[in-house]
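The residues making up each chain are set out below.
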Amino acid sequence: MNALWLGLVMTLACIGAAFFCVGTLGLLRLPDFYTRAHAVSKCDTVGAGSILLALALYVAPHPEALKILLLLALVLLSSPTSCHALAHAAHHTGLQPFGSAREVR
Amino acid sequence: MITTFFWGLAAFLLMNAFACLSRAFRGPTVVDRILATNVVNTKALVVLVLLGLAFRRSLLLDVALVYGLLNFGITIAASRFLETGRIRGSWQP
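Protein chains in written order, with our numbering: chain A, 522 to 626; chain B, 113 to 205.
The shape of chain A in the complex, shown without the other chains:
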């Protein structure tokens, strides 16, 4: 394991941590559910994908890397799907987006 490979792992993990931080900020600060779902689904998918890719590169010759890649595929498939289902359910139950009542008036 040379230093360049380790630097690549650390860079990918730090990029993922930054995306997680931005997603948390969006979840805490944005005004309504749809904008929060937008921020969270993108930042969470990219953050978890980047960190899991870094960990798969770290354990690379070992067969555990395949398990981490399976976990990465699961996160990449399930996170946008669940966010889409939640947003569809919220729209179906009649939750109005932020600012839409102001436009009607």
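Among the hints, erroneous ones may be present.
Covered by chain B, per the in silico footprint, the following chain A stretches (three or more residues, Cβ under 8 Å) [claimed, not checked]:
hint	region
1	523–529
2	540–553
3	557–563
4	582–593
5	615–621
Chain B stretches covered by chain A per the calculated footprint, using a threshold of three residues with CB under 8 Å from any CB of chain A [claimed, not checked]:
hint	region
6	124–132
7	163–177
In case anyone wonders, no lab produced these hints; they're calculated from the structure.
Glycine included, C-beta positions come from ideal geometry on N, C-alpha and C.
Take the given structure of chain A and dock chain B to it, following the hints.
Same frame as chain A, now just chain B:
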């Protein structure tokens, strides 16, 4: 050295997860709470993989896999229940 980095990353993600938990506590609607729980579960999945590498236990990867599948199933079931008012049975009457 890299194990210390993994521990620091896991601590940072846990701090983020507790910040998201505050949104799950005071979220104005139900979908906000479900979304925040989904985010906390994704962060916990990554933390489980990090701890599995830091402790050199391959078992925690399997736990993380089951955790991700449960997270997906629970979120889909909750959104289906919100949308149609039923868990089982056909979608259309």
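Structure-based check of each hint:
1. 523–529: violated (count 1)
2. 540–553: It holds: at least three residues are needed, and the region 540–553 of chain A offers 6 whose Cβ sits within less than 8 Å of chain B.
3. 557–563: That given contact holds, which follows from 3 residues of the region 557–563 of chain A lying within Cβ reach (below 8 Å) of chain B.
4. 582–593: As far as the region 582–593 of chain A goes, the hint holds, because 5 residues have Cβ atoms under 8 Å from chain B.
5. 615–621: Our answer is that it is violated, as 1 residues pass the Cβ test (under 8 Å) against chain B, missing three.
6. 124–132: holds (count 5)
7. 163–177: holds (count 6)
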